[in-house]
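Undergrad: Single-letter residue listing:
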Amino acid sequence: MSGATFLILLALSGGIFATGFFGLMARRAILFQLISLEMMLAGPALAFLAGGAWHGSQQGQAMFVFIIILAAAEVALGLALYLALRRGADVEDSDTITGLKH
Amino acid sequence: MSDLAAIWCASVALACAILAVTRPAIVHALIWLVAALLSLAGCFFALGAGFAGAVQILIYAGAIVAVFVFVVMTADASPEALARERARLAQGWRRPAAAVGLVALPLALGLLAGGTSPAAAPDSGPSLGAILFGPWAVAVEVASGLLLAALMGARHLGRRREEP
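Sequence order for the protein chains is A and B.
Going by the working numbering, the residue at position 35 of the first sequence is 35; the numbering climbs one at a time, nothing skipped.
Going by the working numbering, the residue at position 14 of the second sequence is 14; the numbering climbs one at a time, nothing skipped.
Quick caveat, the hints were computed from the structure, so don't treat them as lab data.
One thing to keep in mind: the hints can contain errors.
Claimed, not checked - Listed next, the stretches of chain A that the computed footprint assigns to chain B, with coverage defined by at least 3 CB atoms under 8 Å from CB atoms of chain B:
1. 7 to 19
2. 25 to 34
3. 38 to 49
4. 53 to 62
5. 75 to 82
Unchecked claim - Every beta carbon over 10 Å from chain A, so not counted as near; a handful from chain B, in silico:
6. P79
7. E80
8. A83
Predicted model, so just to flag it, every value in this text is computed and none were measured.
Glycine is no exception: its CB is placed at the ideal position from the N, C-alpha and C atoms.
Sequences and hints are given; from them, build the entire structure.
TA: Printed below as a string of structure tokens:
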């Protein structure tokens with residue numbers, strides 16, 4: 001892998017992270033924000049794997065395993081929270097949850 | 001050649017990610033999310049990380065997105081909700097885009113200024129399992145605790161209350 005390829009891959013992973021960040025701030029529906037969070041996790045995963053391939057080491061893949069564990073936990077809790085909010089207070093948007101108590 | 005394939009797949013992933021966060025319909029966004037994750041898996045294969053690519057397809061694009069699909073089935077998909085989401089996205093994207101630009105600018109400048117560092121010597125280090133269960137065993141234990149906590153939290157949040 002050449003150095004230019006490594007830099008381009010890093011820029012692309014930063015772009016994926018920035019896209020997710022934009023979605024997290026621009027969207028207000030909770031499901032869209034969760035999808036954007038997935039993007040924000042996928043970008044650094046690409047950066048870790050590109051770094052692992054650049055240095056010829058397996059530690060990028062090991063970090064990827066941790067990222068996927070984090071994504072699984074985040075999705076499980078986020079979707080359960082979304083369903084609980086929908087059932088309890090009919091909340092669809094994160095704007096409507098301005099207080100902790102409903 | 002595999003460099004070009006990796007860059008191509010990552011570019012496709014970025015395009016799919018942009019489409020995913022800008023679609024007003026949740027199902028379309030989910031399909032673009034799957035497309036982005038699968039093209040990222042192609043990028044991982046091109047980078048020589050076969051295990052990561054397989055895990056990306058099986059767990060990320062398979063299991064995690066399946067959970068999303070179950071929840072999306074309960075979401076409001078009426079034309080009114082679609083029009084509301086479209087109007088809200090049309091009026092409120094400029095300030096987040098400006099903020100993202102402010103955050104991403106130093107990253108791009110750093111990449112441009114840093115240049116290419118000298119090629120690292122490819123060391124054939126220990127294999128993935130030897131890393132995860134050797135020096136990183138504590139992190140694996142912490143991650144398993146995180147998964148257990150997420151499981152219990154989802155169980156707690158999803159239970160049915162007897163009386164309101």
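Undergrad: Each hint should be assessed against the structure and marked as holding or not.
TA: Cross-check of the supplied hints:
Coverage of the stretch 7 to 19 of chain A by chain B holds in this model, with 12 residues showing a Cβ closer than 8 Å to a Cβ of that chain against a need of three. Counting residues of the stretch 25 to 34 of chain A whose CB lies closer than 8 Å to any CB of chain B gives 8, which reaches the minimum of 3, so the coverage claim holds. A stretch counts as covered by a chain when three or more of its residues have a beta carbon under 8 Å from one of that chain; for the stretch 38 to 49 of chain A and chain B the count is 6, and the coverage holds. Against chain B, the stretch 53 to 62 of chain A contributes 10 residues with a C-beta closer than 8 Å to a partner C-beta. That satisfies the three-residue criterion, and the hint holds.
Look at the stretch 75 to 82 of chain A against chain B: 7 of its residues bring a Cβ nearer than 8 Å to a Cβ of that chain, three or more, so the hint holds. With a least beta-carbon separation of about 15 Å from chain A, B/P79 lies farther than 10 Å from that chain, consistent with its non-interface assignment. The non-interface label for B/E80 is consistent with chain A: the shortest C-beta to C-beta separation is roughly 12 Å, beyond 10 Å. Every C-beta of chain A lies more than 10 Å from that of B/A83, the closest at about 13 Å, which supports listing it as non-interface.
Every hint, counting from the list given before, is met by this structure.
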